[in-house]
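*Asks:* Residues per chain are reported as follows:
Protein chains: 4
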Amino acid sequence: MNHSPKSFASDNNAPVHKRVLQAISDVNQGDATSYGDDVYTLETEQHFKALFGKDVKVFLMLTGTGANATSLAHITQPYHAIVSAETAHLENDECGAPEKITSCKLITLPAPDAKIRPEQLPPLMESRGFQHHAQPKVVSITQSTELGTVYKPGEIKQIASFAHDNDLYLHMDGARIANAAASLDISLAEMVTYTGVDVLSFGATKNGAMAAEAVVFLEPSLGQHFEYTRKQNMQLTSKMRYVSAQFNALFTNDLWLHNARHANAMAKRLAEGIQDINNITITQPVESNAVFARLPLAAIEKLQRQYSFYVWDKSNNEVRWMTAYHTTIQDVDEFIAAIKDAVQQV
Amino acid sequence: MNHSPKSFASDNNAPVHKRVLQAISDVNQGDATSYGDDVYTLETEQHFKALFGKDVKVFLMLTGTGANATSLAHITQPYHAIVSAETAHLENDECGAPEKITSCKLITLPAPDAKIRPEQLPPLMESRGFQHHAQPKVVSITQSTELGTVYKPGEIKQIASFAHDNDLYLHMDGARIANAAASLDISLAEMVTYTGVDVLSFGATKNGAMAAEAVVFLEPSLGQHFEYTRKQNMQLTSKMRYVSAQFNALFTNDLWLHNARHANAMAKRLAEGIQDINNITITQPVESNAVFARLPLAAIEKLQRQYSFYVWDKSNNEVRWMTAYHTTIQDVDEFIAAIKDAVQQV
Amino acid sequence: MNHSPKSFASDNNAPVHKRVLQAISDVNQGDATSYGDDVYTLETEQHFKALFGKDVKVFLMLTGTGANATSLAHITQPYHAIVSAETAHLENDECGAPEKITSCKLITLPAPDAKIRPEQLPPLMESRGFQHHAQPKVVSITQSTELGTVYKPGEIKQIASFAHDNDLYLHMDGARIANAAASLDISLAEMVTYTGVDVLSFGATKNGAMAAEAVVFLEPSLGQHFEYTRKQNMQLTSKMRYVSAQFNALFTNDLWLHNARHANAMAKRLAEGIQDINNITITQPVESNAVFARLPLAAIEKLQRQYSFYVWDKSNNEVRWMTAYHTTIQDVDEFIAAIKDAVQQV
Amino acid sequence: MNHSPKSFASDNNAPVHKRVLQAISDVNQGDATSYGDDVYTLETEQHFKALFGKDVKVFLMLTGTGANATSLAHITQPYHAIVSAETAHLENDECGAPEKITSCKLITLPAPDAKIRPEQLPPLMESRGFQHHAQPKVVSITQSTELGTVYKPGEIKQIASFAHDNDLYLHMDGARIANAAASLDISLAEMVTYTGVDVLSFGATKNGAMAAEAVVFLEPSLGQHFEYTRKQNMQLTSKMRYVSAQFNALFTNDLWLHNARHANAMAKRLAEGIQDINNITITQPVESNAVFARLPLAAIEKLQRQYSFYVWDKSNNEVRWMTAYHTTIQDVDEFIAAIKDAVQQV
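Sequence lines, in order, name chains H, P, R and V.
Going by my numbering, the first sequence opens with residue 295, and the numbers climb by one from there.
Going by my numbering, the second sequence opens with residue 295, and the numbers climb by one from there.
Going by my numbering, the third sequence opens with residue 295, and the numbers climb by one from there.
Going by my numbering, the fourth sequence opens with residue 295, and the numbers climb by one from there.
Simulated from the structure, these hints should not be mistaken for laboratory data.
Computed from a predicted structure; not experimentally measured.
Among the clues, some could well be false.
[Unchecked claim] Output of the computed footprint for chain P on chain V, the stretches with three or more beta carbons under 8 Å from beta carbons of chain P:
hint	stretch
1	342 to 353
2	366 to 377
3	392 to 399
[Said to hold, decoys possible] Derived contacts from chain V toward chain R, CB cut-off under 7 Å, selection only:
hint	residue
4	Ser301
5	Asn307
6	Leu315
7	Asn322
8	Met504
9	Leu591
We put the CB at the ideal spot given by N, CA and C, even for glycine.
Same shape as in the complex, but just chain H (with noise of 0.2 Å):
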């Protein structure tokens, strides 16, 4: 399937922002230092300390399952666990990379909204000092999340208190941040330093780049060391100013949160657009740019011979329908068209 004019299957199918693009282009000029010392790169730097912190330690990375697996792996060591919700990405979706980069145990929690809560986490503490079992050292939490909910700043400090009383990091897998940050009209470090966020996974593919993640260290000193952890684990590009010139164009006159707003506001839009309309029940809070629904098999089948999108629980016939950057509010209105047209003739 390709050029699909009106994809609701992932954000990951968007082409790259023509401002990004346009940015990989105006660095293309001359040589340039390979392996991330060059102007780009720390301009790069600069922007993230910008908005995070002076103080952080900045990577590029090169997928989101990289930057997830290679920070984890370089805050803990192999008989640790990791905790996170069961929908987590790095529980599901990222082929065993956790267990295989970091030797640790992934615990996860039940979340029917994607989202831990804080008091599900002090039993964990049960194992502490037991040698024979795995010692929990993260929790991970996803923003926004799989599901597309959102932490508030106020959930996410609960959760980075619990931590720190309890010699335990707070990751988070920012893949979609921007679209968080977004949804809380709230900066990122309102978010994610002032919570007590340890390391951050950020992620720009989702968000109008072609390829361009890092990983943060709000906390700088777990950062110590970390251009081994990257390279080893074979995420260290060569030509980085092409990555770096992703982030600077994002981080340019706030693309990157235009952006998320956009995607947001059109999953609002869907989401608004199908709330009445009987045998569609909308089945997580929508507060990002993604719409998770149930309605009735005959409809999803028919709807996806027009639409690209995924079915999320097949014994629910609840599907997953994505917005991002690009998504127009015609492509959501006849998508929603095409919803009313599809549920009605079953």
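Take the given structure of chain H and dock chains P, R and V to it, following the hints.
*Replies:* Using the frame of chain H, we list chains P, R and V on its own:
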């Protein structure tokens, strides 16, 4: 150091070829299915099949270290050993990625010209069947080598023959495979497929791409299930069309070959321009796009104030000068003049 | 806590059976080739072949965790997943050894009685062929289970049948395999070989040995080259005759079976002795050498001042009482009396 | 080959010392808490503290490879490199366990007498801070060495001093540490603690035990949390009292030292008995319990029909003859006679 107009440090410092950049721009239209299920990636696979044989299995990758470590992991068990020349990139310049990703022992062979000789291999077989010893399973050669030399097809065949007679695989690190093919003036199939290579790391990044590497299984059964190994090792990019576009540009009208021929010609021009200078000794045959030379330390230091390049062996005052697809005749001639000037002053 | 005369904490707390100790002493004469190339180890292998079938491949190991993690590593690739009951020792009590040694993801299934039911397996196959998901490759069952229950041969056959129809292996964690065989009153071959188990961790340590475990490949081709996996994973002992001697003692005159029958009988006696006590609920079928029961917290605390045992589930006041080959009728009867006394006082 | 009355193949072929066996028997009474929480293990820890210093942290292990690989894993990160002599057991005879368990690169140094010289270390520091290179973190020396030589305390101090000045740890593989201490005639503390060793693999198996190894952290903070590393790496035995009993026997009345002195004396007797034989060259200083010698191939072959021993270097007709605690004067004298006879006949 940025935009040094005259870097002879690395072909990694070069910009992206304009036709590669154009190709990236050309595919930036509308949605495309992520993770390689798109028409551009299909086209890339067809190019590889045309060049290496219709049965090969091809997987696009993000870094050269990723291509090496991941392909080696796929064809070994942890108790195996991987044999290479002592000069190999995977031994020296991958921060232990092969050990971490494969769990194997690396065994190196002395190689003054960076090439393994077939007669070095039989003694390694003495550990066969002895449970205390890591069991050799792969011989890895680099083509062109880290010292700019090139294996002749007959040499590869001899190594492959020994390997296959002894239950070993032959891996080729082709980070600069185009330069080798250009140097030998034979087809990729003649150099790789017909000589008995089992697995190839195919590099395009040093030859005008932005970030485009591939693993090619010449013996396709070896590549079965490699999609999981790639994903688990964090080398699966979501928006793969942009990697494929780079390959497609390079494979169109033999751009890859023209680029490599030009880089090689520039190295040859450089070598010829300095071969008669007193106090300079060219230390390796100039068979691809590198010139290794010894010259007085004072001359090195003077030159490095103008030009970026690496001292390869401090103990020896040996330097490495790399050319790339975009090195011009004028660049080379000016560099020759600067070298002469630097040497004469000491 | 030492030499507690009446531990019901674990069959690991028991001393070594006197005939096992005698056997160790008996082989302590003169030199013997190290690393298993000795007559005693050959004899052990013959015992295993007599019990499980002449084609099995057997490797002596040092710990139960070593037998589990190492055998699983040998039959998997890192991108595989290993499926077990949520109660499995390898999930809960091996400090992440399976993850570190195999690099695989562990997937657990709900199991109130610690037994996997065949109908739980088909949904796991939905991830097959999806490159983002770790691929299920092994189902591991424990026999007897961590909750003292026992799979019937027909149950194992059903699981094996599904496994083999779906390109999965069936692993059995037999840390207490003797107790299971004694419970079912069938031969080891009937319970393991003929039911379709592919790989077995055979434990003798909990059944009267000092430290004697084994990996048995029922499907011998799976065990090819396991000698290297054992050595690389640090489970090859040099003076192997002393491990072999333990097995040989246990396999002589069915000592292994007598030990297990006795331990099981003691658990049954204990269960029968307490089943009518008010305020005590036996929570699992008593099918091997463990009794799980709920009783008032005050009674637990009183009992623990006299006897060593584990509280299994704090939230529930559920305890585990283990018997062993050396538990006497008097031990049990005194313990029953103590329990009655403790419960009546609350 | 079994019960060869006259093996000179390995100190691993020797039986268990009768006092060690008696000690195992003596602790075989009643229940004891498993996993090391017993009085015998506490006693063992006290012995180690008495010998090495009151602050050391001690962990009992099951194999020498386990002690080496696991302790090295605990004090390194995967991107580190471990430096040893090219002759080191961990490089040659552990089937890649160090690579698998630590994920580190192994770097070896030429060592004709199996000893690292301090002046070999500074060049390794050139890779410091270069992200493409595995970063040296540990120097591992073997005492006594694989070639029977012994580091003098001053030599160890020099290596330790360089190590500590350069943020490296010093690990000692003490598989035959007793032979070294006996050879130098100094205390273990003088040889290990006061020379600056950070971590020690202490071997007892080759010195009269059945299977008893330990990791000793001389710098105790390095040993923090090692209980998890031991468990995850499958080296935690359940019935630990039987390992502790072995150590306790060896540490009582200096049995460990008497055993080692005797083995050393037998090697010296052997060396003196053959040093004047024509056609035999002793190739290494005989400083512990090994004699390395070159002799005619025909003589080797004749001898091997009567005696078990290893040809160390085929290319060179160099053999290794090991003595052990139980080698008798008569054994040695008969062996000397056999050697003379074999050599004279050729």
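*Asks:* Which hints from the list above does the structure break, by number from lowest to highest?
*Replies:* 1, 9
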